[in-house]
Amino acid sequence: MASLKELKGRINSVKSTQKITKAKQMVAAAKLRKAQAAAEAARPYAARLAGVMGSLASKIAGQDNAPLLLRGTGAAQKHLLVVANSDKGLAGAFNSNIVKAAMVKAQELLAAGKDVEFYLVGRKGRAPIRRAHPSRVGTMFDTTEVREPGYAEAERIAEELVAMYEAGKFDVAHLFFSRFQSALTQVPTVQQIIPVPTPDTQVASDAVVEYEPDEEEILKELLPRYLKTQLFGALLENQASEQGASMTAMDNATRNAGDLINKLTIQYNRSRQAAITTELIEIIAGAEAL
Amino acid sequence: MPLHFELVTPARLVRSEEVYMVVVPGTEGEFGVLEGHAPFMSTIRDGAVQIYRSAGATPEEIQVRGGFAEVNASGLTVLAEHVED
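Heads up: the sequence lines are chains A and B, in that order.
When we follow this note's numbering, the leftmost residue of the first sequence carries the number 1, and every step to the right adds one.
When we follow this note's numbering, the leftmost residue of the second sequence carries the number 1, and every step to the right adds one.
These aren't lab readings, by the way, just hints derived from the structure by calculation.
Hints should not be assumed to be uniformly reliable.
[As the list claims (entries may be wrong)] One-sided excerpt, in silico: chain A residues whose CB lies under 10 Å from chain B:
no. : residue
1   : G51
2   : L56
3   : G150
4   : A154
5   : E212
6   : P213
Please read all numbers here as calculations on a predicted model, not as lab measurements.
Where a beta carbon is used, it is the ideal one built from N, C-alpha and C, also for glycine.
Whole structure, please, built from the sequences with the hints as guidance.
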């Protein structure tokens, strides 16, 4: 049986933990709103770019002179898995779900005899993936210096990926991130980013569009840009997901702490009463003995 | 009839308004877009997009970097990677 002082100490420590989780939950709720707004604001650009890409790519796809990023290297031996994680924990299973999805894919590819390399974005994915595949972690992109990964980071990642692709370091790249559905559900998602899949947006335009410079030149310009937008979109989705997951996890933690406090308080009161009763019995017994 | 003009960056929709004419710095030269322009697409070089609210008005300039412009039946859309206003 724990002493009264010990119980009191535990209650106080759980109370301060609850204060922390509660604060983190409120911070996450505020940040979630911001992240959702950012994801919202990025949509028009992505939608328009996908539209233009779709109409251009459908014209050029299948031709031999299509840009490398669209056509692919023709092989599918070397796979790059780009795993986007956050830098901070306290978000429930958010990071481990993404890592799990990446691991499953890696196992699948390795079983099929392919080469796998990881490209890690964010800090939280590093430890588990390095533990499982110590020799396969290539680049680790650092996002710890920036508050929120934004377009500048997406740009740098995309440039690095394109350079690696052109140097023949991989044939196919997949991107792993968490798609934001609601504060309660975030879906770990796999998306092929290189070769660029043609967006299936049918642009209904029978008008003859004039291109300047020609279609191929524009497409060549467009593809890296499209890749950047996709990465940027994924980073934004990830941020919203992280905050959502964090909010839910911290809400649970706060509630659990509350339950624990109640239980400990009951235990504390019981022991207090027991102590008083014992004391009374001692006094009475002492008085009777006189 | 005014021209519907939109300027979009990856992070946000910068402009969406009705204007008279927009001069865009295309890779192969500047071009002005009025209402009813033929469907057209061009990459843009770093430079200023000039927005004329009405005929003869002093243009408003917005610096853009990287991107492209598309003209279709619904108006002109400039997708720029960076915008400095």
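Query raised in the report: Is the interface hint for A:G150 satisfied, with its Cβ closer than 10 Å to some Cβ of chain B?
Result: It holds, given that the least Cβ distance between A:G150 and chain B is near 7 Å, below 10 Å.
Report task. Answer holds if the nearest beta-carbon of chain B is closer than 10 Å to that of A:P213; otherwise answer violated. Result -> 6 Å, holds
Report task. Verify the interface restraint on A:L56: the C-beta must sit less than 10 Å from at least one C-beta of chain B. Result -> The hint holds - A:L56 has a Cβ within 10 Å of chain B, the shortest such distance being about 8 Å.
Report task. Identify whether the interface hint at A:G51 stands, where standing means a beta carbon of chain B within less than 10 Å of its own. Result -> Holds, because the Cβ-Cβ distance from A:G51 to chain B comes to roughly 9 Å (cut-off 10 Å).
Query raised in the report: For the hint on A:A154, does the least C-beta distance to chain B fall short of 10 Å?
Result: 8 Å, holds
Query raised in the report: Does the nearest C-beta of chain B fall within a distance shorter than 10 Å of the C-beta of A:E212?
Result: Interface hint status for A:E212: holds (4 Å vs cutoff 10 Å).
The structure agrees with every numbered hint stated previously.
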